[in-house]
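Chains as they are written, first to last, in my numbering: chain A, 676 to 1075; chain B, 676 to 1075.
Just so you know, these hints were derived from the structure itself, not from any lab.
Check before you lean on any hint, since a few could be wrong.
Which copy? The list can't say, so a pair holds if one copy fits it or any two copies do.
When the alpha-carbon atoms are kept at most 25 angstroms apart in a straight line, the in silico SDA-like pairs for lysine to any residue are as follows [unchecked claim]:
#1 K1010 - V1072
#2 K1036 - P968
#3 K702 - Q1043
#4 K1010 - F1071
#5 K702 - K1038
#6 K882 - A853
#7 K754 - M825
#8 K791 - E1054
#9 K702 - T956
#10 K1061 - I753
#11 K898 - A741
#12 K1036 - E680
There are 2 protein chains.
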Amino acid sequence: MTKNENNYCVIMAGGIGSRFWPYSTEKRPKQFLDFFGTGKSLLQMTIDRFRPLVPIENMLVVTNVAYKQMILEQIPDIKENQVLCEPARRNTAPCIAYATAHIRALCLQRAYGWTKDECTKYEGYTKEGSMKGNASLPSYLDIDWKKPEMQANIVVAASDHLILEEEKFREAISKAFAFVSENKAICTLGMQPTRPETGYGYIQYLKPSTVSRQPSESIYPVKTFTEKPNLEMAEVFLKSGDFLWNSGIFIWNLQTISEAFRVYLPEVADKFREGELLMGTDQEEAFIEDIFPKCPNISIDYGIMEKAENVFVLPSSFGWSDLGTWGSLYELSEKSAEGNVSLHSEAHFYDAKGNIVVLEKGKKAIVQGVDDMIIAEQEGRLLVCKRAEEQRIKQFVSEL
Amino acid sequence: MTKNENNYCVIMAGGIGSRFWPYSTEKRPKQFLDFFGTGKSLLQMTIDRFRPLVPIENMLVVTNVAYKQMILEQIPDIKENQVLCEPARRNTAPCIAYATAHIRALCLQRAYGWTKDECTKYEGYTKEGSMKGNASLPSYLDIDWKKPEMQANIVVAASDHLILEEEKFREAISKAFAFVSENKAICTLGMQPTRPETGYGYIQYLKPSTVSRQPSESIYPVKTFTEKPNLEMAEVFLKSGDFLWNSGIFIWNLQTISEAFRVYLPEVADKFREGELLMGTDQEEAFIEDIFPKCPNISIDYGIMEKAENVFVLPSSFGWSDLGTWGSLYELSEKSAEGNVSLHSEAHFYDAKGNIVVLEKGKKAIVQGVDDMIIAEQEGRLLVCKRAEEQRIKQFVSEL
Chain A
676 MTKNENNYCV IMAGGIGSRF WPYSTEKRPK QFLDFFGTGK SLLQMTIDRF RPLVPIENML
736 VVTNVAYKQM ILEQIPDIKE NQVLCEPARR NTAPCIAYAT AHIRALCLQR AYGWTKDECT
796 KYEGYTKEGS MKGNASLPSY LDIDWKKPEM QANIVVAASD HLILEEEKFR EAISKAFAFV
856 SENKAICTLG MQPTRPETGY GYIQYLKPST VSRQPSESIY PVKTFTEKPN LEMAEVFLKS
916 GDFLWNSGIF IWNLQTISEA FRVYLPEVAD KFREGELLMG TDQEEAFIED IFPKCPNISI
976 DYGIMEKAEN VFVLPSSFGW SDLGTWGSLY ELSEKSAEGN VSLHSEAHFY DAKGNIVVLE
1036 KGKKAIVQGV DDMIIAEQEG RLLVCKRAEE QRIKQFVSEL
Chain B
676 MTKNENNYCV IMAGGIGSRF WPYSTEKRPK QFLDFFGTGK SLLQMTIDRF RPLVPIENML
736 VVTNVAYKQM ILEQIPDIKE NQVLCEPARR NTAPCIAYAT AHIRALCLQR AYGWTKDECT
796 KYEGYTKEGS MKGNASLPSY LDIDWKKPEM QANIVVAASD HLILEEEKFR EAISKAFAFV
856 SENKAICTLG MQPTRPETGY GYIQYLKPST VSRQPSESIY PVKTFTEKPN LEMAEVFLKS
916 GDFLWNSGIF IWNLQTISEA FRVYLPEVAD KFREGELLMG TDQEEAFIED IFPKCPNISI
976 DYGIMEKAEN VFVLPSSFGW SDLGTWGSLY ELSEKSAEGN VSLHSEAHFY DAKGNIVVLE
1036 KGKKAIVQGV DDMIIAEQEG RLLVCKRAEE QRIKQFVSEL
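Given only the sequences and the hints, what does the whole structure look like? Please build it.
This is the structure we're talking about:
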C-alpha cells in the first residue's frame, strides 16, 4: 500500500443535507459537520482517509459552487482548481463524467506536452473523435493509453460516509487500485451486510465456485445491482450470502471509465468531449456552466454499473455506513441502557427509550415519556419525529 | 368604581419560575415574560389592571432582590422604594406581613406627622405595643384607626396570573374595597369553577339561604378552605355549587389585616412590629434583612385565612387562571383542529394532537408522531414531557 502519483480520488460533496434536518441544512450540509464531535468534519475525515494513498494534488472535490469556500476552508492544502463546481444538480453520472474529463485532460496535456495556450485554441473534437482546429494535436482515437502519463487509477467516493476501520479501508482501495490498473475492470466495494438493511442498494456477486475465470483472488464479477429492497427481500438477501451492500465507492482506471462513458452514456460523454481540453484552463468554468445543465439527471449506478459487463466487486468489511439516515446514526452511536442516544449535548431521559437527541453543542434537554423518537435542534429549528417515519422529514422540510 | 388614594395594592412577584421550565427560568421567571405575545409581561399586565383603581404610588411589588432591577425596568413609573425585597423565600404570610407593615408605617407617619428622622430614632415597641425611646409618640395600642390617614384598603394579588375580563375584575375589586372599608372583613375572590380542576384549592361558602346575617348582597361568609382535591373530590365540589376556586386575591383594610396578624400569626407580626417605623426610611432594608429570614415559612391561607372567623368570599367570574401549569396554559390557548397549541413560534404538526409547543420567538418546529406533549425550548434548554406528567418537571430541573 503506497502513495502513487497515478492514484486519483474524486470526492463527491454536493449533497444538500435535507435528510438530517435540522442538524444539517442546505446552508451547512452533513459533509461539513463534525458529526461525532471528533473535531473533524465528515469531509475532512474523508480526505484524510485517502492521504496515505493519493497525493493531495490528485484529489478532486466535486460540489456545488455554494460550498466551494467552505471546502477550501476545511481543506487548506487543496487548491481552488481541485474543487470542481457543478452548476446544477444532475445526480452522480454527470458529476463523475466531469471529474473524469478533468483528470483525462490533465493527463493528455502532460502526455502530449500541450500548453494551456494551445488547449484554449482548440475547437473541440469531431463526432468521430478527431480534433478540430489544430491539426498538430493527435485525434482522440489515437490517444496512446499506454503512455505513463495516461495511467490514472481513480477512486470515487462520497464525502459524507463513515468508515471506522480506516486501515482496512485503505487495504481494500489499494487492492482495487492494483486490480483496475491491470484489468479493464469497473470495481466497486461491496460491504458485507450485518443486518437486513432496507436503506441500501445491494450487489449480488458470483462466488468463486461459480466463476470460470477469476481475475483476482478476492474480487468477483457482479451478477446484479438491486435497488433498496423491502424487509422481506432484505432478509432473503442477508441469508443467501451472495449479496453485499452497495457502498457507492468505485475504483477504475482512466481508460476504462472513459470508454464506459462513451459506450453507455454517450449523451453525457459527448458533452464533456466537446471542450475536453479546456479543463484546467481559465475557460473550464464557462464551458461547464454551458454543458453541465444540459446533461441528463442520471446516477452512475443506473447509467453504467447496471449496464457494463466488466463490473467487479471487492467484498469488504471496515465498519462502513453511508450515514444516510437518522436511523443509521442511531445504530452507530453509543446508547444508554434504555437505548437512548445523546449527541453533542446533555440529555436527561425519564420513561423514555430508543430516542436519539442531537442538539447544538452545550445545550441541555429533558426528555420524558417518549420512545423511539428523533429530537434534533439546530439554529432555531426543532424536529420531533418518530425514528420510523424519518423518510418523511424531507417532505416536512420542503413544506416549511 | 373610582381611583382612591386610600386604595393600595400589593403585587407578589417573587416566584422563581420552575414550573414552566425552560420557558421560564430562575433568571427570568414567568411574571416577567410576555406569555401571550401581547407585548406586555404578566407583571406589566397586572400593574396596568390596577391602575384605574389604585394610584401608582400606592402600589407595592414584593419580590426577590434579584428581580428588583427587572421590575424597575418593566414598570418605569414605579419608584425604587415601592419594590420591597424579601431576603429569603418564606411563602406568602411573611411577604404580606412585610407589605402590611410597610403600608402601616407610611400611614402612621402621615397620621401622626412623624418625620423620617424621628422614626429612625425610635427603639421599637414594647411587648404591650407602647413605643420605646420616644415617649412623645402615641403607643401602638393608642393608634386611632379612624383617622383618615389610617384608612387603607389593600388588595393582594399575584403578579403572574391571567385575567381576561379586566373590567369585570375591577368591578369585583371595587365591590370588595367598599365591603372591607365598611366591615372588619377579610375578603377573597372566589372563582366560579368551570371544570373539576385538581390544580387549585377550593373555597366552600355559605349561600344566602343558610346565612342569617348577610353583610353584603353578593359577598358570603366562607365555610372552609380546602387544599387541591383529587379528581373525584373536584367533581363533587363542582357539582355541589358551594365551592369556588381559591384565586389567592385578597382584599382587606389595614386595621383588619394588622389585627389578624397580631392574633393568628404573632410570631410574624411581632418581628415586623420591632422596627415598624423604620419602614420607608433608609434603615428599612437592614431591618428586613435581619428579621425576614427568621420568619416561619408559612402561607397566608394556612396562617390566617383558614383560622380567621371574619373571612368572606365574593364569587366572581372574569376569565381567571393562575397560569400555574403548562396544562392551564394549554387550556387557555387557541388550538388547532387537532388540539395543538403553538406559542411564539411556528410549529408544523403531522400525526400529532394535543401538544403544546413553546419556542423562542422566530423559531420553527416540525413535530411528528406525538400526542399530548409539552415541547418547550428556550436559551439552549429543551423540554419534551407528557402534559400529564408536568408536575415532575420541577424535580427534573432540580436534577439537571
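Outcome of the hint check:
no.	hint	verdict
1	K1010 - V1072	between (27 angstroms within a copy, 23 angstroms between copies)
2	K1036 - P968	neither (39 angstroms within a copy, 40 angstroms between copies)
3	K702 - Q1043	between (31 angstroms within a copy, 24 angstroms between copies)
4	K1010 - F1071	between (27 angstroms within a copy, 21 angstroms between copies)
5	K702 - K1038	both (21 angstroms within a copy, 17 angstroms between copies)
6	K882 - A853	within (21 angstroms within a copy, 98 angstroms between copies)
7	K754 - M825	within (22 angstroms within a copy, 86 angstroms between copies)
8	K791 - E1054	neither (46 angstroms within a copy, 56 angstroms between copies)
9	K702 - T956	neither (29 angstroms within a copy, 60 angstroms between copies)
10	K1061 - I753	neither (40 angstroms within a copy, 50 angstroms between copies)
11	K898 - A741	neither (39 angstroms within a copy, 74 angstroms between copies)
12	K1036 - E680	neither (40 angstroms within a copy, 55 angstroms between copies)
Comparing the model with each numbered hint stated earlier shows that hints 2, 8, 9, 10, 11, 12 do not hold.
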